[in-house]
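Novice: Residues per chain, in single letters:
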Amino acid sequence: MSAQQETYEIIARQAKIDITTITLESTLKDLGVASLDAIEVLFDLEEHFDVTLPNEDTDFENGTVGQLIEAIDRQIAAKQAG
Amino acid sequence: MRRIVITGMGALCALGHDATSTWQAMRAGQSGIATITRLPAEQLKAGNVVAEVKAFDPLARIAGQRATMMDLAGQYALVAADEAVAQAGIRFEGELASRTAVVVGTGASGEATRDDQYRRLYADNASRLHPLGIVKMMINASASHISMAHGITGPTFVVASACASSNHAFAQAAMMIRTGLVDAAIVGGTEACITLGTLRAWEAMRVLAPECRPFSAGRRGIVLGEGAGMFVLETLQHAQARDATILAELAGAGMSSDAGDIAAPSDTGAAAAIRAALSDGGLSPQEIDYVSAHGTGTQANDSTETRALHQVFGEHAHKLAISSTKPMHGHALGAAGALEMIAAIGALREGIIPPTLNYQEQDPVCDLDYVPNVARKQTVNAAISNSFAFGGLNAVVALRSWR
Chain A
4 MSAQQETYEI IARQAKIDIT TITLESTLKD LGVASLDAIE VLFDLEEHFD VTLPNEDTDF
64 ENGTVGQLIE AIDRQIAAKQ AG
Chain F
493 MRRIVITGMG ALCALGHDAT STWQAMRAGQ SGIATITRLP AEQLKAGNVV AEVKAFDPLA
553 RIAGQRATMM DLAGQYALVA ADEAVAQAGI RFEGELASRT AVVVGTGASG EATRDDQYRR
613 LYADNASRLH PLGIVKMMIN ASASHISMAH GITGPTFVVA SACASSNHAF AQAAMMIRTG
673 LVDAAIVGGT EACITLGTLR AWEAMRVLAP ECRPFSAGRR GIVLGEGAGM FVLETLQHAQ
733 ARDATILAEL AGAGMSSDAG DIAAPSDTGA AAAIRAALSD GGLSPQEIDY VSAHGTGTQA
793 NDSTETRALH QVFGEHAHKL AISSTKPMHG HALGAAGALE MIAAIGALRE GIIPPTLNYQ
853 EQDPVCDLDY VPNVARKQTV NAAISNSFAF GGLNAVVALR SWR
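For the protein sequence lines, the chains are A and F, in the order given.
In terms of the numbering used here, the first sequence has 66 at position 63, counting the first letter as 1, and numbering is strictly consecutive.
In terms of the numbering used here, the second sequence has 511 at position 19, counting the first letter as 1, and numbering is strictly consecutive.
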């Protein structure tokens with residue numbers, strides 16, 4: 004199961020944007036989520052999925068929402084395997 | 493106008509336990525950044541690489557039992573102040589005691605004491621806390637102890653503006669000396685922020701990196717440091733009357749607030765502070781040879797600082813030698829400007845510009861001369877030292893060589 008829908012919802016809520024504007028190719032920067040807001044989105048995602056996202060997986064300048072979801076899925080899988 | 497000179501300096505940081513060893517390490521391009529030893533590295537993620545003061549014995553460095561009632565931040569400040577006073581060869585006797593100020597810049601102070609108290613309270617469910625917690629952790633403790641240890645009875649306080657605290661302190665001391673309120677000041681900054689609580693809080697902000705690479709392509713953030721730098725300032729007349737050795741002239745200071753974002757820096761705000769420092773010091777942009785940069789190693793700071801230098805210096809920006817010593821002593825927050833003052837004074841006195849370590853390749857948005865990796869011999873007649881803080885608070889100090 005992908006974390007896609009829940010991730011979209013968290014980004015939309017934190018950034019106060021219409022969820023339909025989010026695509027897998029969007030970057031947080033494209034969505035108008037500025038530095039501190041982006042850090043809060045990442046924190047909300049970590050809290051929601053109870054995972055820790057390493058800094059290298061959270062490039063909110065160039066990284067896409069799709070890459071973020073892949074990183075979350077990886078951390079969830081690692082947690083379940085562990 | 494009363495001219496202000498620097499006649500003593502003291503320092504303590506990851507590079508050394510005094511100003512001489514700190515400067516020697518800077519000019520040799522050494523780094524004090526390493527894996528943390530004070531805490532178990534596995535308790536941390538990106539915060540496990542820091543620039544720690546190592547093997548510091550406060551009881552050996554501070555007279556009497558005073559050290560036992562001080563937080564690490566106060567101990568660092570007092571040790572550095574003692575060194576600066578000894579170098580200046582000044583005694584605060586008679587009228588001078590009340591005509592001397594103590595101004596210490598610090599972002600937080602008391603972190604180790606707070607961490608320890610709260611661990612006892614919340615984790616260990618301790619039924620009682622140490623009675624000296626308050627006098628150790630209060631942010632003004634460092635200034636108070638310097639005043640007590642040296643018998644200074646003039647205006648004494650701390651200045652807090654996060655990473656610009658030290659430079660705001662220099663500005664306050666300079667203004668008091670200029671107006672004639674005092675004739676001398678002990679001034680600088682201190683921070684002791686290498687605690688679990690502080691490091692975890694910085695990790696949460698996602699600005700810590702495993703290495704500090706200012707102005708370089710591939711930079712990823714800051715490495716925290718700690719320590720103190722303290723200086724003796726006095727009027728030129730006062731210094732000459734007692735035949736003191738003059739290290740440099742504090743020509744001016746400039747301050748500004750971005751009135752913008754709580755975290756993101758502003759080139760306009762930074763440029764305003766630089767311009768104000770030059771104007772206050774009676775210096776034209778073309779007179780500046782060296783910039784001791786804020787250069788934190790974050791994407792945002794280094795590109796913003798570069799734009800600010802372009803705005804103020806125009807064509808001359810390309811002739812500036814610019815370096816950040818943070819890859820050596822880490823980002824010491826409230827003490828940053830004071831440690832970087834050691835670099836600026838060293839460059840003015842010896843004509844050696846400490847390098848920006850860990851520089852790999854040019855980032856198109858950082859297109860100036862950052863003295864990469866290797867120190868440079870170059871005469872420096874005038875310099876500025878930049879500090880730009882979270883909260884949008886900027887302070888810049890301008891210096892002239894004294895020959």
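Mixed in with the good hints, there may be bad ones.
Stated by the list, open to error - Beta-carbon label-pair distances, calculated as ranges:
1) A:ARG77 - F:ALA709: 26 to 36 Å
2) A:PHE46 - F:THR645: 47 to 57 Å
3) A:ASP62 - F:GLY752: 19 to 29 Å
4) F:ASP753 - A:GLU49: 29 to 39 Å
5) F:MET640 - A:ALA80: 33 to 43 Å
6) F:TYR614 - A:ALA37: 25 to 35 Å
What the hints assert, rightly or not - Subject to a maximum C-alpha distance of 27 Å in a straight line, what follows is the list of computed DSSO-like cross-link-like pairs (lysine-lysine):
7) A:LYS32 - A:LYS19
8) A:LYS82 - F:LYS869
9) F:LYS811 - F:LYS869
10) A:LYS32 - F:LYS537
To be verified - From the derived model, a few chain A residues whose C-beta atoms are all more than 10 Å from chain F:
11) ILE22
12) THR23
13) ILE25
14) GLU28
15) LEU34
16) ILE42
17) ASP47
18) HIS51
19) THR55
20) ASN58
21) ILE72
22) GLU73
23) ARG77
24) ALA80
25) ALA81
26) LYS82
Since the hints were made in silico from the structure, they are not lab data.
Yeah, the Cβ is synthetic: ideal placement off N, Cα and C, and Gly gets one too.
Novice: Within 19 to 29 Å or not, the Cβ separation of A:ASP62 and F:GLY752?
Specialist: 24 Å, holds
Novice: Was A:LYS82 rightly flagged as not at the interface, with every chain F Cβ beyond 10 Å?
Specialist: Consistent with the label, A:LYS82 stays out of reach of chain F, its closest Cβ about 16 Å off (over 10 Å).
Novice: Is the straight-line distance between the alpha-carbon of A:LYS32 and that of F:LYS537 27 Å or less?
Specialist: 25 Å, holds
Novice: Could you check that no beta carbon of chain F comes within 10 Å of the beta carbon of A:ALA80?
Specialist: 20 Å, holds
Novice: At 10 Å, judged by beta carbons, does A:LEU34 keep clear of chain F as stated?
Specialist: 17 Å, holds
Novice: According to the definition I'm using, a residue is off the interface if its beta carbon is farther than 10 Å from all beta carbons of the partner; does A:ALA81 meet that for chain F?
Specialist: 15 Å, holds
Novice: Against the range 29 to 39 Å, how does the distance between the Cβ atoms of F:ASP753 and A:GLU49 compare: consistent or not?
Specialist: 23 Å, violated
Novice: Grab the minimum beta-carbon distance between A:ILE42 and chain F and tell me whether it stays above 10 Å.
Specialist: At about 6 Å from chain F, A:ILE42 fails to clear the 10 Å cut-off, so the statement is violated.
Novice: With the threshold set at 27 Å, check whether the alpha-carbon distance from F:LYS811 to F:LYS869 stays at or below it.
Specialist: 15 Å, holds
Novice: Measuring Cβ to Cβ, find out whether A:ASN58 lies farther than 10 Å from everything in chain F.
Specialist: 6 Å, violated
Novice: Is it true that the C-beta distance of F:MET640 to A:ALA80 lies inside 33 to 43 Å, as the hint says?
Specialist: The hinted range 33 to 43 Å is violated for F:MET640 and A:ALA80, with Cβ atoms some 59 Å apart.
Novice: Mind verifying the non-interface call on A:ARG77? Its CB should be farther than 10 Å from each CB in chain F.
Specialist: Label holds. Min Cβ-Cβ 16 Å, cutoff 10 Å.
Of the numbered hints stated above, those contradicted by the structure are hints 4, 5, 8, 16, 19, 20, listed in ascending order.
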